[in-house]
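Using our numbering, the first residue of the sequence shown is number 1, and each one after it goes up by one.
It cannot be assumed that every hint is accurate.
Computed Cβ-Cβ distance ranges for the label pairs, DEER-style [as the list claims (entries may be wrong)]: (1) Leu13 to Val42: 18 to 26 Å; (2) Gly115 to Glu162: 20 to 28 Å; (3) Leu14 to Pro140: 20 to 28 Å.
Below are the EDC-like pairs computed for lysine to aspartate or glutamate, each with C-alpha atoms no more than 16 Å apart in a straight line [what the hints assert, rightly or not]: (4) Lys180 to Glu198; (5) Lys200 to Asp57; (6) Lys135 to Asp57; (7) Lys185 to Asp169.
Because the hints were derived from the structure by calculation, they are not lab data.
Cβ atoms here follow ideal geometry from the backbone N, Cα and C, with glycine treated the same way.
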Amino acid sequence: MKKNQAGFTLVELLIATSIFAVILLAATATLIQVGRMYYKGVIASRTQDTARTLTDDISRSLQFSGGTVPTLNLGGSPPVSAICFADTRLTFVVNVQAPENIAHALWQDTIAGPGSCAASPISLTAPNPGGLDGKDLLDPHMRLTKLSVTPSAGSPDVYDVEVGVAYGDTDLFNLDGMGKPVSCKGSVLGGQWCAISEIKTQVFRRVED
1 MKKNQAGFTL VELLIATSIF AVILLAATAT LIQVGRMYYK GVIASRTQDT
51 ARTLTDDISR SLQFSGGTVP TLNLGGSPPV SAICFADTRL TFVVNVQAPE
101 NIAHALWQDT IAGPGSCAAS PISLTAPNPG GLDGKDLLDP HMRLTKLSVT
151 PSAGSPDVYD VEVGVAYGDT DLFNLDGMGK PVSCKGSVLG GQWCAISEIK
201 TQVFRRVED
């Protein structure tokens with residue numbers, strides 16, 4: 001007795017393999033795109049959180065510290081500035097990425113008081129700057145695009161605070177004439193992303209001088 005033996009021909013196997021390969025490639029491309037979008041969202045969220053945290057810290061320092069809030073230009077190349085609130089000092093540079101172009105873009109340390117703001121300036125090019133209780137306030141690959149604390153024209157007890165933080169290498173940004181990142185380029189270079197977050201607020205001083 002003969003039995004019928006059904007099977008796949010070589011052409012059918014090739015067709016099935018091709019269809020499976022196309023499905024697998026489509027699924028892989030989808031997973032890669034999802035991962036890239038997730039990473040982009042993480043970068044944007046981290047940049048926003050850093051700018052918001054820095055703004056909140058400055059706002060609290062302004063609200064509960066008496067005396068003046070000096071901003072000093074310390075010179076150097078790139079130009080270094082410092083802002084002091086009571087016993088807290090922020091030393092920083094703008095539009096310079098750390099740690100590729102400088103060891104630290106924003107460093108916080110403790111000083112004796114506002115009168116000591118210019119005393120014992122730290123070096124942002126040093127891997128371990130001096131200063132009591134010093135710490136870096138920016139993650140790697142971040143830079144400041146703006147940091148200013150100025151008295152409002154309307155009231156001496158109100159300060160205008162502007163903070164800008166950017167994440168990414170310089171070639172990922174569209175820059176203005178001063179080298180400030182103003183927007184991210186539309187095309188993605190490799191697997192890298194960039195993000196910019198800027199915050200402006202007004203803070204009322206609660207402590208009398």
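CB-CB spacing for Pro140 and Leu14 relative to the 20 to 28 Å hint: 50 Å, violated
Proposed proximity, Glu198 with Lys180 (alpha carbon, max 16 Å): 12 Å, holds
Hint consistency between Lys200 and Asp57 [alpha-carbon to alpha-carbon, up to 16 Å]: Within the cut-off at roughly 14 Å; holds.
Consistency of beta-carbon spacing, Val42 to Leu13, with hint 18 to 26 Å: Check failed, 43 Å falls outside 18 to 26 Å.
Proposed proximity, Asp57 with Lys135 (alpha carbon, max 16 Å): Since the Cα atoms of Lys135 and Asp57 sit roughly 14 Å apart, the hinted pair holds (cutoff 16 Å).
Hint consistency between Lys185 and Asp169 [alpha-carbon to alpha-carbon, up to 16 Å]: 11 Å, holds
Outcome of range test on Cβ distance (Gly115, Glu162; 20 to 28 Å): 25 Å, holds
Of the numbered hints given earlier, the model fails hints 1, 3; all others are met.
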